[in-house]
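Could you put together the complete structure from these sequences and hints?
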Amino acid sequence: GDSVTQMEGPVTLSEEAFLTINCTYTATGYPSLFWYVQYPGEGLQLLLKATKADDKGSNKGFEATYRKETTSFHLEKGSVQVSDSAVYFCALIGYGGSQGNLIFGKGTKLSVKP
Amino acid sequence: DTEVTQTPKHLVMGMTNKKSLKCEQHMGHRAMYWYKQKAKKPPELMFVYSYEKLSINESVPSRFSPECPNSSLLNLHLHALQPEDSALYLCASSQNPQGDGYTFGSGTRLTVV
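Going line by line, the protein sequences match chains V and C. Each residue of the first sequence is one higher than the one before, counting from 3 in the numbering used here. Each residue of the second sequence is one higher than the one before, counting from 652 in the numbering used here.
Treat each hint with caution, since some may be false.
Said to hold, decoys possible - Looking from chain C toward chain V, a few residues come up when the C-beta cut is under 10 Å (computed):
1) 758
2) 762
3) 764
As the list claims (entries may be wrong) - Negatives, chain C to chain V, calculated, CB over 12 Å:
4) 677
5) 726
6) 763
Keep in mind that the hints were calculated from the coordinates and are not lab data. C-beta atoms are modelled at their ideal positions from N, C-alpha and C, and glycine is treated no differently.
Right, dumping it as structure tokens:
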């Protein structure tokens with residue numbers, strides 16, 4: 003079945019450091035790919051998405067490129083801030099997928115120190 | 652309005668109580684979802700409503716009873732819960748059942764005592 007694997011955390015960085023959170027997926031066909039962010043005590047917010055190969059999703063300085071050849075959707079940010087501290091979930095919906103099949107990775111906790 | 656609103660934000664209930672969680676969206680989304688999230692885990696799907704009809708029940712115990720009174724509202728009725736049911740309950744919606752990115756509410760933090 004479809005699945006998402008993302009790097010285990012926690013990840014601790016200093017402010018202004020470069021961030022990469024790795025995400026790879028297994029799916030038949032062409033899934034849509036997402037990054038969600040969950041700040042402490044809150045629900046999930048859609049950070050960015052990409053629906054086809056080579057698409058780049060971007061938002062708030064974060065970027066991820068849909069790489070079909072490597073089945074990856076790595077999250078990057080050039081300069082993190084303390085306010086980026088949160089848990090980040092990579093997720094997919096299978097192509098032509100049935101309802102409710104938003105499949106999550108296990109999440110990566112990011113802590114940014116001043 | 653681009654939000655999913657959940658009430659209450661926090662709920663403490665005894666094992667013999669009956670309570671309800673509420674979820675509302677006014678984005679015209681036709682699919683709505685209930686998820687359960689335990690600490691340090693990703694959300695787990697519980698129920699899916701598509702065009703106001705229950706379409707998926709992920710083998711959830713009957714002490715959880717969903718209801719969709721109309722296309723904007725989703726309820727989760729709780730009865731005789733167990734302490735292990737304590738979790739963050741998230742509601743989400745999407746434009747259509749196939750999904751194109753879900754919009755999540757901020758959740759209800761439920762504690763069963």
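Outcome of the hint check:
{"no.": "1", "hint": "758", "result": "holds, 5 Å"}
{"no.": "2", "hint": "762", "result": "violated, 14 Å"}
{"no.": "3", "hint": "764", "result": "violated, 20 Å"}
{"no.": "4", "hint": "677", "result": "holds, 17 Å"}
{"no.": "5", "hint": "726", "result": "holds, 17 Å"}
{"no.": "6", "hint": "763", "result": "holds, 19 Å"}
Hint compliance for this structure: hints 2 and 3 are broken, all remaining hints hold.
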